[in-house]
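A.B. asks: Residue numbers (the numbering used here), protein chains in the order written: chain A, 1 to 288; chain B, 1 to 273; chain C, 1 to 348.
Derived from the structure by calculation, the hints contain no laboratory data. Keep in mind it's a predicted model, so treat the numbers as computed, not measured. Keep in mind that the hints are not guaranteed to be accurate.
[What the hints assert, rightly or not] Below, a sample of chain B positions facing chain A; criterion: calculated Cβ distance under 10 Å:
hint, residue
1, 6
2, 19
3, 35
4, 78
5, 105
6, 116
7, 117
8, 118
The beta-carbon is built from N, C-alpha and C at its ideal position, and this holds for glycine as well.
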Amino acid sequence: MRRKVLLRSSWLPYVLIAPAVAVLVALSIYPLIYSITVSLQVGEAWGLGNFTRLASDGFFLTAMAHTFVYAVAALTCEFLLGLGLALLLNNQIRGRGFFRATLLVPMMLPPVVAAVVWRLMLNPNFGAINGTLKQIGIDTESLTWTASPGLAMLSVIAVDVWQWTPFVFLVLLAGLQAIPQEPYEAALIDGSSRWQTFRHVTLPLLKPAILIVLLLRTMDLLRVFDQIFLLTEGGPGFATETISLYIYRTAFRFFDFGYAAAMSFVLLALTNVISVVYIRFLKHESRA
Amino acid sequence: MSRALKYFLVVVALVAALAPVYWMFTISLKSEVDHFALPPPWFNFTPTLEHYFEAFVARSFGQYLITSAIVAVISTLCALVLGTLAAYALARFRLPYDLDRRLSLWILSTRMFPAIVTAVPLFLMMRDLRLLDTKASLIIVYTAFNLPFVVWMMRGFFDEVPRDLEEAALVDGDSRLGALVRVVLPLVAPGLAATAVFCLIVSWNEFLFALVLTQTDASMTLPVGIAGRVTQYEIKWGVMSAAGAVAIVPILVFAMAMQKYLVRGLSLGAVKG
Amino acid sequence: MGIKFQNVTKAFGDTLVVDDLSLEIADGEFVVLLGPSGCGKTTTLRMLAGLETITTGDVYIGGERINDVQTQHRDLAMVFQSYALYPHMTIAENIAYPLRVRKLDKPERTKRVTSVARMLEIESLLDRKPRQLSGGERQRVALARAIVREPRAYLMDEPLSNLDARLRVQMRGELKRLQHQLGTTTIYVTHDQAEAMTLATRVAVMSRGRLQQFDTPLNIYNRPANRFVAEFVGSPSMNFIDGKIESGAFVSESIRIPVTRENADQLTIGIRPEHISVLTEPQNNATPATVYVTELMGNETFVFLSVGTNKLIARAAADFRAELESPVWLRIDAEKAHYFDRQTGLSI
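Isolated chain A (complex conformation):
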């Protein structure tokens, strides 16, 4: 259908859009350009030294690896748990509104506060986790959670899952409830089993919501900073250092802005590529 344009104001839209665009250009685009210039400066000279350094920087590669492990593990858990909960609550349990409201508490917290909450819970000496475990007789001597090289990554992943599963749940639930009844009725008449119905009716119709959730979570997980900073500060040692933390440390502890800028670009390129792939999937789905 033709868009009906309200007339005679060919300059009006531009005037309305300009201030917003100006702010964004000044504070999103210009910094990027500035960052490029910074990243191309190695000490006093100009060059690609910062970028070539990346390939041989063990810390950088480890941080990337950590970020991926974190993202994949957290995403998988959050998705499965969130989907499960959504399927569970889809069928008219009374008080659903109340459940929804309370389940969203974790994700509304400032990530910093979520980290505080879990530092308290995971504290080896007086935290609720170890306290309860001790009560049921488990020896918690070696369960130092965020201070233990082995358990630290697990701990931070667990915190992320705790905080963000509700988000996945809410969006998938909304997606499920938007699916009309007719396809289910048709499947019933056709004689489909519960699993078959799930695979051939529910999942395909849920795809747009799934893709959005995966996209948004992936973007958030790749750039995680706040809660890890407060939970472990990247430690113990380097055990939970993700890429954002490493960039932060490079810039604000070692004051090596050039290198930090170079790393930022790699991160940006990465998230761009991934989001483009996702969006292409989304478009493909919405067309189908």
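Mind docking chains B and C on chain A? Use the hints.
C.D. replies: Frame of chain A, contents of chains B and C only:
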């Protein structure tokens, strides 16, 4: 799956979600002795307000709280004004070269940047402008931060108002501006409120930019203040919990109020809750 | 006030949606723009209202050229197909809106709103919101909003199409009376030819952006200017047969109808269903046909017929009965037939 089992699982999920937060509240209300008691008391302890007093009166958390509030409110207002105007233009006008669609997508993409990517150059820029460690720098940055979201969401809400209504208003004799104020705005008011709440929550919770751009008590926000207490060597859990508890309350209140638009906002409009 | 369109054209990119339209409407007339969807009638109305730009040509209201006058200053009132009632305002506020933006004071507004509401019998609804009203009630509110102002003209964009059939017929009558009472020029857009025929003082038939004929309903019905108009107006629609005239008869395949016209080639004859009589016994000069199907309407019967490769419709009496595939004989009133050039479609 039986209904009893379903209810049970749901209750488990609820407990898992709320228990840790409750735990923090108890820590904020327990005396130091009770902190280390074993087994850790979930319910039977004598509450005390000493940590709250220490945090907000003795230490500077009261100041952090006010700073957070000021920065959140002002940046949200700015983002709303600029963003809503732009959203209206993008929703109602067709620009050449498919610009309206392209601009919308571009605006959305700025939301996808990892914060650290712009944090580093913004730090350098603010340093050059001598705006480091000021509330102003945070307000400016948060406005830019929230702007894409406002534009994206408000555009969706404007799209839902039938064009017929504005056309009727024009034919009835109203000016463009009058039609916008008298007819369109009342209809997008709930969406506007929800978007405002989202922006407030995001600004209130924001940590990285605040951490990078502030250095002294004068401009620190609540999250930064809380973090600061942790990276010191002597961790005062009670104070931290008290601050955390207070940090949560406005969020919860707002989020409960905005439930209807929650999913829509979180999924950037892709899924209408 | 009189309205004039002079060579008005509207293009969207490369598509001509309205093509060189010229129309003169006298003050107080009820003119209906009639045509199928996509013919440009709504676009024409919107150009008049100021909701679309005019690509070329001029539009005049009361002698004043209004091409460059902004919508809000054209002093026209419009009833939208969707009624476009402001959902957040009460009915009273909806009706009062045009007066409010003209800065009339409250007592004056209330007075006018009440009198208009009384005229349209919606007084009891004044404190409700649009969503609480039925379709018919909303339609009357939209009307009320239009007439509360006493504008130069009323523009109506298919205002009855969202109503159920019975209500539509009822509102048709009400609209006609109302317009007669108020005497204001009205331009009414519809694709429903029955509405056009019953409401209009003159009908402008449009197709693919071009004006086909502009005349009184009766003339449009009895003297269609071309095949399109002939086919579009009248229900059931006119029957068309391609053929030629030779030796005093119109011939086509097995059909032979005596006519008093000169020989001609490349002809299409048009016969309205009411001018075909269906006989169950053979007669002189009657055309043989077979019954395809009959539709009993209660007050009359429509008979669908096969004649060779042609399919025709005839109107018969209410008690007419015939078996499917049974043979019948048709007597065609040649005096009332219309003739069209097969290439151009124009009436001859």
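A.B. asks: None of the hints should be skipped; say for each whether it holds.
C.D. replies: Tested hints:
1. 6: holds (6 Å)
2. 19: This interface hint holds because 8 Å falls under the 10 Å limit.
3. 35: Since the shortest Cβ distance to chain A is 5 Å, the answer is holds.
4. 78: It holds, given that the least Cβ distance between residue 78 of chain B and chain A is near 8 Å, below 10 Å.
5. 105: Holds - the Cβ of residue 105 of chain B comes within 10 Å of chain A, reaching about 9 Å at its closest.
6. 116: With a minimum Cβ separation of about 5 Å from chain A (threshold 10 Å), the hint on residue 116 of chain B holds.
7. 117: holds (4 Å)
8. 118: Result: holds, 5 Å to nearest chain A Cβ.
Of the numbered hints listed earlier, not one is contradicted by the structure.
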